[in-house]
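For the record, the sequence lines run as chains L and Y. Going by the numbering used here, 22 is the number at position 22 of the first sequence; the sequence numbering is gapless. Going by the numbering used here, 93 is the number at position 93 of the second sequence; the sequence numbering is gapless.
Derived by calculation from the structure, the hints in this document are not laboratory data. Incorrect hints may appear among the rest.
Below, a sample of chain L positions facing chain Y; criterion: calculated Cβ distance under 10 Å [claimed, not checked]: (1) GLY117; (2) GLN118; (3) GLY120; (4) VAL140; (5) GLN201; (6) PRO202; (7) GLU206; (8) LEU224; (9) SER228; (10) TYR242; (11) GLY243; (12) ARG249.
Going by beta-carbon spacing under 10 Å, a handful of chain L positions derived as facing chain Y [unchecked claim]: (13) ARG54; (14) ILE122; (15) SER133; (16) ARG135; (17) GLU136; (18) GLN143; (19) ASP144; (20) ALA145; (21) GLU220; (22) ALA223; (23) ALA245; (24) GLU248; (25) CYS257.
In this text the structure is predicted, and so the values were computed from the model without any measurement. Just so you know, even glycine gets a beta-carbon here, dropped at the ideal spot from N, CA and C.
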Amino acid sequence: MKWYQTSKPAVLLIPALLFLLLIVYSLVMAFAESIRSPEGWTWAYYGELFMQRRLIESLGYSLSITFVSVFLSVLIGWAVVRWFYSFIDEPGGKWLVWIPMLFPHFVWGYFVLLLLGQSGLISSFFYQAGWLSSREAFPVLTQDAYGVGIIITYLWKEIPFVILMLLPAYLQLPKQYGEVIAVLGGGRKEWFKTVEWPWVQPVIVEITLILTAFIFTAYEVPALLGISYPQMTAVLAYDWFYGAAWEERSYAFGLLCLIAFILGAIALLSFALMNRRRWLLSKSSHQY
Amino acid sequence: MKKRMFAMAGVVFLAGCNMTNGDQQEQELSDLTWDEITAEAEGDTVRLYMWGGDEGINRYIDDYAIPALKEAYDVTLERIPLDTNEIIQKLETEKRAGQDDGTIDIIWMNGENFKRAKENELLYGPITDQLPAFEEFYDTESLDFAYDFGTETEGYEAPWGKVQFVFHYDSSKIDEPPSNLEELSAWIQENPGRFTYPAADDFTGNAFLRHILYGTASSVDTLLEEPFSEEFAAGESAGMWVYLNEIESNLWRGGETYPGTLEELDRLYSQGEVWMTMGYNEARAESLVADGIFPDTTKAFVLEDPGSIGNTHFLSIPYNSPSKEAALTAINFFLTPEAQLAKLDPQYWGENTPIDPSKLDGDNLAGFEELDRGATVLSQEALLESFVPEVDAAYVPWIEDEWINEVVSD
Numbered sequence: 001m002k003w004y005q006t007s008k009p010a011v012l013l014i015p016a017l018l019f020l021l022l023i024v025y026s027l028v029m030a031f032a033e034s035i036r037s038p039e040g041w042t043w044a045y046y047g048e049l050f051m052q053r054r055l056i057e058s059l060g061y062s063l064s065i066t067f068v069s070v071f072l073s074v075l076i077g078w079a080v081v082r083w084f085y086s087f088i089d090e091p092g093g094k095w096l097v098w099i100p101m102l103f104p105h106f107v108w109g110y111f112v113l114l115l116l117g118q119s120g121l122i123s124s125f126f127y128q129a130g131w132l133s134s135r136e137a138f139p140v141l142t143q144d145a146y147g148v149g150i151i152i153t154y155l156w157k158e159i160p161f162v163i164l165m166l167l168p169a170y171l172q173l174p175k176q177y178g179e180v181i182a183v184l185g186g187g188r189k190e191w192f193k194t195v196e197w198p199w200v201q202p203v204i205v206e207i208t209l210i211l212t213a214f215i216f217t218a219y220e221v222p223a224l225l226g227i228s229y230p231q232m233t234a235v236l237a238y239d240w241f242y243g244a245a246w247e248e249r250s251y252a253f254g255l256l257c258l259i260a261f262i263l264g265a266i267a268l269l270s271f272a273l274m275n276r277r278r279w280l281l282s283k284s285s286h287q288y
Numbered sequence: 001m002k003k004r005m006f007a008m009a010g011v012v013f014l015a016g017c018n019m020t021n022g023d024q025q026e027q028e029l030s031d032l033t034w035d036e037i038t039a040e041a042e043g044d045t046v047r048l049y050m051w052g053g054d055e056g057i058n059r060y061i062d063d064y065a066i067p068a069l070k071e072a073y074d075v076t077l078e079r080i081p082l083d084t085n086e087i088i089q090k091l092e093t094e095k096r097a098g099q100d101d102g103t104i105d106i107i108w109m110n111g112e113n114f115k116r117a118k119e120n121e122l123l124y125g126p127i128t129d130q131l132p133a134f135e136e137f138y139d140t141e142s143l144d145f146a147y148d149f150g151t152e153t154e155g156y157e158a159p160w161g162k163v164q165f166v167f168h169y170d171s172s173k174i175d176e177p178p179s180n181l182e183e184l185s186a187w188i189q190e191n192p193g194r195f196t197y198p199a200a201d202d203f204t205g206n207a208f209l210r211h212i213l214y215g216t217a218s219s220v221d222t223l224l225e226e227p228f229s230e231e232f233a234a235g236e237s238a239g240m241w242v243y244l245n246e247i248e249s250n251l252w253r254g255g256e257t258y259p260g261t262l263e264e265l266d267r268l269y270s271q272g273e274v275w276m277t278m279g280y281n282e283a284r285a286e287s288l289v290a291d292g293i294f295p296d297t298t299k300a301f302v303l304e305d306p307g308s309i310g311n312t313h314f315l316s317i318p319y320n321s322p323s324k325e326a327a328l329t330a331i332n333f334f335l336t337p338e339a340q341l342a343k344l345d346p347q348y349w350g351e352n353t354p355i356d357p358s359k360l361d362g363d364n365l366a367g368f369e370e371l372d373r374g375a376t377v378l379s380q381e382a383l384l385e386s387f388v389p390e391v392d393a394a395y396v397p398w399i400e401d402e403w404i405n406e407v408v409s410d
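So that you can see chain L by itself, here it is in the shape it has in the complex (with noise of 0.2 Å):
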């Protein structure tokens, strides 16, 4: 029993320790795949890897996705809980945010598709209705060149992911600074930058994350919504590893383990900065 109690915190990381076992073996597996040839090991794929202009096209494809749709996201999520926090803790206004939180990915990526397709409901509505004189008038907005589909479907699934991140830091701010600063003479620039921007960032550098890594690997929505060149990194990832060609699969696991990496670090990188700030506000900071 008394072991028990001393050695509580270990125990009940096991399963989570567990589970991260098993990650960390696929990666590392996977990362054996990337470097492994019939002729033994080598680093030749990583090399190719960057000679082939499909896999150019696909990174800029996807860096400019991942951004447009992670910069709107956080943008249009924080300005909802910055202006609306309190209607959104709201039973009402919770249960706005949580419908599209419900369903996974797929499923919105494939109600996006049945809503803003070219025969989707909305340009059949417009049509029946006479506005429109055909429905290929309708702008291409689902499997386009620009990912406007891939976008939209990414960004009602992810503003409600910020709000509900944001909302608990900004229902916690530590409001009688506001009148401190009002004391002290200072406006809504001092109170922003003060109070209001260090309390958030840690939760925004966060959410950036979770949703960069997120949406650059995601494979079901570019899947349906993208279009057949460029893909995304994911989906090209996926082609090359259950395409007809052998050597291929070592190029889908020598990029997935690239991404890993690059996004591990990245990771690791601002966690580390966090934790230093986290622990000067902790220091600096008095109970409330």
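Please arrange chain Y on chain L, whose structure you already have, making use of the hints.
Below, chain Y without anything else, positioned relative to chain L:
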């Protein structure tokens, strides 16, 4: 050293799965008589992994084969829908991980997937000489069964069906369908946005591209006779890329994107966005029309020049199938005239049979001859007249890659 460490990790991790010894079982199996095999199969479960994108095919398995097999042999059949290349990948991964007790009992495939499975020794066999139905009702010497897209089958797969590639069109919108590539190109020009084809990594899309290759190469015969090499293929395909790039701007969405799968093309067709669809099964529109997915005015056509590619598709057993006896029993059942006749029925699959009619007795033969395949199916003469065989399986992945470079990436 490193290599050994990884191997060790794999072995330790998967040790729990290696319970039975595959080799021993195989030796025993080939010594058994057919009665012993079916007796052994009783009460077993067979997992059939197959492409699941066609409702008629799925219904044939679910509504006909599963109950019939249960009743005749007490074998439980499970249909697991998965794209064929993913099935092969799964099997390859199992082999890499040393998992001798697998999860797949039967695979439905042909062409480049069979080539890959055979080259990587993923299959159990030979199996055809153990199947009484194959010996009795099929022309065992036929070249259609000895070669699969140019790969020698050597008994590792049993013929399940025979199909031909056809186009389907909405006759309320098109009076006269095109009959060769020039007419198709002209039609596309006159009706911008009304035609497209699935991407090259889709089974049907790739088959469509092979038709273009046949029609634009120097001659179909040299294409079929000459062994595959990249230089030869590059020379023969020059006309194909010109043709595809020419029609591209008048395709659906101006060729900016292509349907990723046949299902997606069918959806576009059923919603009237495009006016033609296609498929590697001359009878597949029958059940889609009956279900109201395709318009009633759907009709079929083939391109008389370069013709309509046809092939045989097969059933195989993976090397690590946990119940090979039951798998053999099920495959034998699928090859019997009864199961083949039900497969030909348009309310299910509607697909042609590889059976040799001269080996059928009166009752069985009459059943095949009397069956009406339905209004959307072309006559047997029209199909036979346009029939052309498949090219080497190596063209399939080659077209897949080159299509990305030559057509979609610019």
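Okay, the hints, checked on the actual structure:
Given the 10 Å rule on beta carbons, the hint for L:GLY117 holds: about 9 Å separates it from the nearest Cβ of chain Y. At about 6 Å, the closest approach between the beta carbon of L:GLN118 and any beta carbon in chain Y falls short of 10 Å, and the interface hint on this residue holds. Given hint, L:GLY120 at the interface with chain Y, holds; its Cβ is 9 Å from that chain's nearest Cβ, closer than 10 Å. Taking 10 Å as the C-beta cut-off, the interface hint given for L:VAL140 holds, the closest approach to chain Y being about 7 Å.
The beta carbon of L:GLN201 is not positioned within 10 Å of any beta carbon in chain Y (closest approach about 40 Å), and the interface hint is therefore violated. Checking L:PRO202 against chain Y: minimum C-beta separation of about 37 Å lies over 10 Å; hint violated. Residue-level restraint check for L:GLU206 is violated (minimum Cβ-Cβ distance to chain Y is 33 Å; threshold 10 Å). At a threshold of 10 Å, the smallest CB-CB gap from L:LEU224 to chain Y is about 8 Å, leaving the interface hint in force.
Satisfaction of the interface hint for L:SER228 is found here, the shortest Cβ-Cβ separation to chain Y being roughly 5 Å, below the 10 Å cut-off. Contact between L:TYR242 and chain Y, as hinted, is supported at the beta carbon level, the nearest pair being about 5 Å apart and thus within 10 Å. Checking L:GLY243 against chain Y by beta carbon gives a least distance of about 7 Å; that is within 10 Å, so the hint holds. The criterion of a C-beta within 10 Å of any C-beta in chain Y is met by L:ARG249, whose closest approach is roughly 8 Å, and the hint holds.
At about 6 Å, the closest approach between the beta carbon of L:ARG54 and any beta carbon in chain Y falls short of 10 Å, and the interface hint on this residue holds. Of the supplied interface hints, the one on L:ILE122 is violated, with its beta-carbon coming no nearer than about 14 Å to a beta-carbon of chain Y, more than 10 Å. Among the interface hints, the one on L:SER133 is violated; its C-beta lies about 14 Å from the nearest C-beta in chain Y, farther than the 10 Å criterion. With a least beta-carbon distance of about 8 Å to chain Y, the hint placing L:ARG135 at the interface is held under the 10 Å criterion.
Restraint check, L:GLU136 versus chain Y: the minimum CB separation of about 6 Å is within 10 Å; hint holds. Checking L:GLN143 against chain Y by beta carbon gives a least distance of about 5 Å; that is within 10 Å, so the hint holds. Because the beta carbon of L:ASP144 sits about 7 Å from the nearest beta carbon in chain Y, less than 10 Å, this interface hint is met. A cut of 10 Å between beta carbons decides the hint on L:ALA145: the least distance to chain Y is about 5 Å, and the hint holds.
For the restraint placing L:GLU220 at the interface with chain Y, the shortest Cβ-Cβ distance is roughly 12 Å, beyond the 10 Å limit, so the hint is violated. Contact between L:ALA223 and chain Y, as hinted, is supported at the beta carbon level, the nearest pair being about 7 Å apart and thus within 10 Å. Restraint check, L:ALA245 versus chain Y: the minimum CB separation of about 5 Å is within 10 Å; hint holds. With a least beta-carbon distance of about 9 Å to chain Y, the hint placing L:GLU248 at the interface is held under the 10 Å criterion.
With its C-beta approaching chain Y no nearer than about 14 Å, L:CYS257 sits outside the 10 Å limit, and its interface hint is violated.
This entry does not satisfy hints 5, 6, 7, 14, 15, 21 and 25, going by the numbered hints stated previously.
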